[in-house]
Amino acid sequence: MDLYEYQAKELFGRHGIPVPLGDVARTPAEARAIAAEIGAPVVIKAQVKTGGRGKAGGIKAAPGPQAAEEEAGRVLGMDIKGHLTRAVLVEVATVPFEEYYAAFLVDRTAGSFLAMVSAQGGMEIEELAERDPGALVRLPIDPAVGVDAAVAQQLVDKAGLPETAAATLQRLWDVMVTEDALLVEVNPLILTTDQRIVALDGKVTLDDNAAFRHERAPEELTGSLEGRARAKGLNYVKLDGRVGVIGNGAGLVMSTLDVVAGAGADPANFLDIGGGASAQVMADGLEIILSDPDVRSVLVNVFGGITTCDAVATGIVTALELLGERGRARPIVVRLDGNNAEVGRRILSDARHPAVRQVPTMDGAAQLAARLAAGA
Numbered sequence: 001m002d003l004y005e006y007q008a009k010e011l012f013g014r015h016g017i018p019v020p021l022g023d024v025a026r027t028p029a030e031a032r033a034i035a036a037e038i039g040a041p042v043v044i045k046a047q048v049k050t051g052g053r054g055k056a057g058g059i060k061a062a063p064g065p066q067a068a069e070e071e072a073g074r075v076l077g078m079d080i081k082g083h084l085t086r087a088v089l090v091e092v093a094t095v096p097f098e099e100y101y102a103a104f105l106v107d108r109t110a111g112s113f114l115a116m117v118s119a120q121g122g123m124e125i126e127e128l129a130e131r132d133p134g135a136l137v138r139l140p141i142d143p144a145v146g147v148d149a150a151v152a153q154q155l156v157d158k159a160g161l162p163e164t165a166a167a168t169l170q171r172l173w174d175v176m177v178t179e180d181a182l183l184v185e186v187n188p189l190i191l192t193t194d195q196r197i198v199a200l201d202g203k204v205t206l207d208d209n210a211a212f213r214h215e216r217a218p219e220e221l222t223g224s225l226e227g228r229a230r231a232k233g234l235n236y237v238k239l240d241g242r243v244g245v246i247g248n249g250a251g252l253v254m255s256t257l258d259v260v261a262g263a264g265a266d267p268a269n270f271l272d273i274g275g276g277a278s279a280q281v282m283a284d285g286l287e288i289i290l291s292d293p294d295v296r297s298v299l300v301n302v303f304g305g306i307t308t309c310d311a312v313a314t315g316i317v318t319a320l321e322l323l324g325e326r327g328r329a330r331p332i333v334v335r336l337d338g339n340n341a342e343v344g345r346r347i348l349s350d351a352r353h354p355a356v357r358q359v360p361t362m363d364g365a366a367q368l369a370a371r372l373a374a375g376a
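Using the UniProt record's numbering, the first residue of the sequence shown is number 1, and each one after it goes up by one.
Any given hint could be a false lead.
Calculated pairs, DSSO-like style, for lysine-lysine (alpha carbon to alpha carbon, straight line, at most 30 Å) [stated by the list, open to error]:
id: 1; residue 1: Lys-158; residue 2: Lys-203
id: 2; residue 1: Lys-203; residue 2: Lys-49
id: 3; residue 1: Lys-81; residue 2: Lys-49
id: 4; residue 1: Lys-238; residue 2: Lys-203
id: 5; residue 1: Lys-49; residue 2: Lys-232
id: 6; residue 1: Lys-60; residue 2: Lys-81
id: 7; residue 1: Lys-81; residue 2: Lys-203
id: 8; residue 1: Lys-81; residue 2: Lys-55
id: 9; residue 1: Lys-81; residue 2: Lys-232
id: 10; residue 1: Lys-55; residue 2: Lys-203
id: 11; residue 1: Lys-238; residue 2: Lys-60
id: 12; residue 1: Lys-203; residue 2: Lys-60
id: 13; residue 1: Lys-238; residue 2: Lys-81
id: 14; residue 1: Lys-49; residue 2: Lys-238
id: 15; residue 1: Lys-238; residue 2: Lys-55
id: 16; residue 1: Lys-49; residue 2: Lys-60
id: 17; residue 1: Lys-232; residue 2: Lys-203
Since the hints were made in silico from the structure, they are not lab data.
Take the sequences, apply the hints, and build the full model.
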């Protein structure tokens with residue numbers, strides 16, 4: 001599960017990592033109140049789970065409360081790479097003297113952990129690695145040792161960071177291990193004009209498989225699509241695209257994602273309703289996907305086996321009845337094949353729901369869903 005920046009910084013604060021003073025706002029009035037409480041120039045930062053906010057206009061400076069309210073009004077509701085901005089982080093404007101990059105992640109290829117540190121922060125790490133590969137220090141981390149004082153010093157020395165950054169690297173590693181994270185990234189990690197090390201940004205991905213070991217805030221679990229899906233027993237992963245995908249069986253869903261991409265669109269999620277899913281599971285899955293504001297169209301691709309196509313069709317009709325007007329807002333492309341496919345198609349045809357379009361082939365369904373997501 002990816003955290004928003006403000007959630008990542010809350011974790012950092014609990015582990016002794018300095019972050020700018022600030023709070024999250026969901027309305028322009030809240031942004032004004034936070035800026036007034038801070039009593040200094042602030043920055044308004046869109047809270048979306050994607051990069052490139054600055055280039056998209058999602059980060060704005062505000063010298064005072066009135067400007068904070070105005071800028072928050074501009075940023076809230078902004079679409080950044082398909083992600084709708086529902087909240088902004090209002091925090092004190094912090095001037096960097098130098099900018100660095102630091103990250104710990106799970107290296108699945110090596111079956112271990114990897115540290116990546118650079119004295120050149122503030123840009124996309126992919127751009128840095130391509131432009132100047134030698135500027136990015138990569139160091140495998142032995143899980144039995146972790147990042148102790150010696151390893152932290154080694155990273156600081158190799159990357160050319162100030163000595164004071166070593167303690168912060170150790171604390172970032174503590175976040176990685178203690179919180180069961182898959183990724184902990186700070187870009188930029190800055191040295192301020194008064195020589196303090198501060199995490200000016202934060203990106204954290206938590207391992208959902210370890211959620212049972214943690215008491216997460218409600219917004220981190222049930223408030224997220226992933227948390228709501230997990231509560232319903234659904235195998236759901238949020239992605240960055242605009243075509244919602246539902247299928248039965250991990251292999252079929254993965255193939256569907258590939259076909260959607262081949263049709264020129266990006267999938268918004270992975271959702272496998274399983275081989276023996278009931279109509280209720282189908283309804284739950286559709287409700288989750290239609291709750292995602294990034295979704296512009298939905299592709300339901302089911303091959304009937306244990307899960308019969310008539311059960312899937314009944315689930316779709318049931319879900320749309322429960323969703324009411326919300327179920328009419330976005331088109332749903334359905335491809336049914338296999339066990340009881342004709343019965344399932346007839347159920348959908350008889351329902352005459354204005355959002356549902358049936359296509360007999362997977363390629364054709366993906367192409368239509370891609371066109372609909374693009375507004376064509």
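Outcome of the hint check:
1. Lys-158 to Lys-203: Holds, at roughly 23 Å.
2. Lys-203 to Lys-49: 9 Å, holds
3. Lys-81 to Lys-49: 10 Å, holds
4. Lys-238 to Lys-203: Measuring from Cα to Cα gives roughly 16 Å; hence the hint holds.
5. Lys-49 to Lys-232: 23 Å, holds
6. Lys-60 to Lys-81: Holds, at roughly 17 Å.
7. Lys-81 to Lys-203: 17 Å, holds
8. Lys-81 to Lys-55: 11 Å, holds
9. Lys-81 to Lys-232: Distance of about 28 Å is within 30 Å: holds.
10. Lys-55 to Lys-203: 18 Å, holds
11. Lys-238 to Lys-60: Within the cut-off at roughly 27 Å; holds.
12. Lys-203 to Lys-60: Since the Cα atoms of Lys-203 and Lys-60 sit roughly 19 Å apart, the hinted pair holds (cutoff 30 Å).
13. Lys-238 to Lys-81: 14 Å, holds
14. Lys-49 to Lys-238: Measuring from Cα to Cα gives roughly 10 Å; hence the hint holds.
15. Lys-238 to Lys-55: With a Cα-Cα distance of about 23 Å, the restraint between Lys-238 and Lys-55 holds, given a limit of 30 Å.
16. Lys-49 to Lys-60: 17 Å, holds
17. Lys-232 to Lys-203: 27 Å, holds
Every hint, counting from the list given before, is met by this structure.
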